[in-house]
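Start from chain A and add chain B according to the hints.
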Amino acid sequence: MADYQEAPLATRPKTLDPNEYFSVSLEQRRSEQSRAALRANLKRQYQMQLNNPLRRELIEDPALTRWVYARTHTYPHFNATSKTSLLGAMFGVAPLFILYYVFKTDRDRKEGQIKAGTVERKFCMSS
Amino acid sequence: MAGVGFRRWAQALCRGNGSGISALVSGCRAASGVSKGSLPGPYPTTPEEKAAAAKKYNMTVEDYEPYPNKGEGYGDYPNLPERSQHERDPWYQWDHPDLRRNWGEPIHWDFDMYIRNRVDTSPSPVSWSSMCKQLFGFIGFMLFMFYLGEKFPSYQPVAAKQYPYNDLYLEKGGDPEKEPEEVKHYEI
Numbered sequence: 001m002a003d004y005q006e007a008p009l010a011t012r013p014k015t016l017d018p019n020e021y022f023s024v025s026l027e028q029r030r031s032e033q034s035r036a037a038l039r040a041n042l043k044r045q046y047q048m049q050l051n052n053p054l055r056r057e058l059i060e061d062p063a064l065t066r067w068v069y070a071r072t073h074t075y076p077h078f079n080a081t082s083k084t085s086l087l088g089a090m091f092g093v094a095p096l097f098i099l100y101y102v103f104k105t106d107r108d109r110k111e112g113q114i115k116a117g118t119v120e121r122k123f124c125m126s127s
Numbered sequence: 001m002a003g004v005g006f007r008r009w010a011q012a013l014c015r016g017n018g019s020g021i022s023a024l025v026s027g028c029r030a031a032s033g034v035s036k037g038s039l040p041g042p043y044p045t046t047p048e049e050k051a052a053a054a055k056k057y058n059m060t061v062e063d064y065e066p067y068p069n070k071g072e073g074y075g076d077y078p079n080l081p082e083r084s085q086h087e088r089d090p091w092y093q094w095d096h097p098d099l100r101r102n103w104g105e106p107i108h109w110d111f112d113m114y115i116r117n118r119v120d121t122s123p124s125p126v127s128w129s130s131m132c133k134q135l136f137g138f139i140g141f142m143l144f145m146f147y148l149g150e151k152f153p154s155y156q157p158v159a160a161k162q163y164p165y166n167d168l169y170l171e172k173g174g175d176p177e178k179e180p181e182e183v184k185h186y187e188i
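Chains as they are written, first to last, in our numbering: chain A, 1 to 127; chain B, 1 to 188.
If you are wondering where the hints come from, they were derived from the structure by calculation, not from laboratory data. Do not rely on the hints blindly, as some may be mistaken.
[Unchecked claim] Under the rule of at most 27 Å between Cα atoms (straight-line distance), these lysine-lysine pairs were calculated in the DSSO-like manner: (1) Lys161/B with Lys178/B; (2) Lys56/B with Lys43/A; (3) Lys36/B with Lys50/B; (4) Lys122/A with Lys110/A; (5) Lys36/B with Lys43/A; (6) Lys36/B with Lys55/B; (7) Lys56/B with Lys70/B; (8) Lys70/B with Lys36/B; (9) Lys184/B with Lys161/B; (10) Lys70/B with Lys83/A; (11) Lys50/B with Lys43/A; (12) Lys70/B with Lys50/B; (13) Lys161/B with Lys172/B; (14) Lys50/B with Lys83/A; (15) Lys104/A with Lys122/A; (16) Lys184/B with Lys172/B; (17) Lys104/A with Lys115/A; (18) Lys133/B with Lys14/A; (19) Lys43/A with Lys55/B; (20) Lys14/A with Lys43/A; (21) Lys55/B with Lys70/B.
[As the list claims (entries may be wrong)] Heads up, incomplete: computed chain A residues facing chain B, CB under 10 Å, no partners named: (22) Tyr4; (23) Glu6; (24) Lys14; (25) Leu16; (26) Arg35; (27) Leu42; (28) Tyr69; (29) Thr74; (30) Thr81; (31) Thr84.
From a predicted model like this one, the values you see are computed outputs, not experimental measurements. Using N, Cα and C, we set each Cβ at its ideal position, and we do this for glycine too.
Just chain A, same shape as in the assembly:
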């Protein structure tokens, strides 16, 4: 297992991560502490609301509100760079024209075949 290579886009198991064993410094412990303090504060807020016997409404989650807001209000932060314009053209504009031409040529070819009588139409009910 010494040469374990993780799959692309997957993570390494925690027991095979060298940071777990080697670099456990004081700053790391302090940052872990501050993270734990934030987490504990949020837990406390949630539990206070959850166990409040006089509460009748849903507990709203501001993180969820922010996430939904961020995902829907991307336009104010949009800039037309070369990459974004290229992506927009590739996914929004090009398929329109490409698909039009593909379908049109295929249909015209089929129509020509039908007019010439070369294609066998087994289920055609109109002629």
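Relative to the frame of chain A, chain B by itself:
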């Protein structure tokens, strides 16, 4: 909800110390709902803005890292590590156990992709090269064998069915007066 709004509007109408339209179209909002400072904003440039954004998203300042400002529409939303919810501790008492998430915790931009029904980034039990070799090796072998089977078929020998009475001459509508030609299905 609409009833409350209408009532409030009617009360403002009765109370109103302004005149005409300005009394109805009030400039102030109700205090319920999110305040403007707690919603996502534009990309933070100064360290104070970064600290304020970290506080807003309930993260420590060294953890908070916005997406690079390439005009892709992220604003100041934090760039959390791309980890699926599969990887979170299944035994910890989460506030929302099915999502493995606590209340108020910052949500990843692609959270709906990383839920436990969808994309999984947890470590694979065998290495990628080994998985690729096994899968493509098996598929390649099967394709090769089927190709050989098409090229060199092997089955029980068959022949056309042989009918008696001169290939059923009378049954097939042959003339009873005429003599049919002799059909022999054997060789001695």
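Hint-by-hint comparison with the structure:
1. Lys161/B with Lys178/B: Given pair Lys161/B, Lys178/B holds - Cα atoms ~25 Å apart, limit 27 Å.
2. Lys56/B with Lys43/A: Roughly 16 Å separates the two Cα atoms, so the pair holds.
3. Lys36/B with Lys50/B: 17 Å, holds
4. Lys122/A with Lys110/A: 14 Å, holds
5. Lys36/B with Lys43/A: 24 Å, holds
6. Lys36/B with Lys55/B: Answer holds: Lys36/B to Lys55/B is near 14 Å, not above 27 Å.
7. Lys56/B with Lys70/B: 22 Å, holds
8. Lys70/B with Lys36/B: 24 Å, holds
9. Lys184/B with Lys161/B: Between Lys184/B and Lys161/B the Cα gap is close to 13 Å, so the pair holds against 27 Å.
10. Lys70/B with Lys83/A: 9 Å, holds
11. Lys50/B with Lys43/A: 24 Å, holds
12. Lys70/B with Lys50/B: Satisfied, since the Cα-Cα distance of roughly 17 Å is no more than 27 Å.
13. Lys161/B with Lys172/B: 16 Å, holds
14. Lys50/B with Lys83/A: At roughly 26 Å apart (the allowed maximum being 27 Å), Lys83/A and Lys50/B satisfy the hint.
15. Lys104/A with Lys122/A: 23 Å, holds
16. Lys184/B with Lys172/B: Since the Cα atoms of Lys184/B and Lys172/B sit roughly 18 Å apart, the hinted pair holds (cutoff 27 Å).
17. Lys104/A with Lys115/A: 16 Å, holds
18. Lys133/B with Lys14/A: 25 Å, holds
19. Lys43/A with Lys55/B: 16 Å, holds
20. Lys14/A with Lys43/A: 25 Å, holds
21. Lys55/B with Lys70/B: 23 Å, holds
22. Tyr4: 6 Å, holds
23. Glu6: Because about 6 Å separates Glu6/A from the closest Cβ in chain B, which is inside the 10 Å limit, the hint holds.
24. Lys14: 9 Å, holds
25. Leu16: This interface hint holds because 8 Å falls under the 10 Å limit.
26. Arg35: This hint holds: Arg35/A lies near chain B, its Cβ roughly 6 Å from the closest one there, short of 10 Å.
27. Leu42: 4 Å, holds
28. Tyr69: 5 Å, holds
29. Thr74: 3 Å, holds
30. Thr81: Holds, about 5 Å.
31. Thr84: Hint holds; Thr84/A Cβ to chain B Cβ min 6 Å, cut 10 Å.
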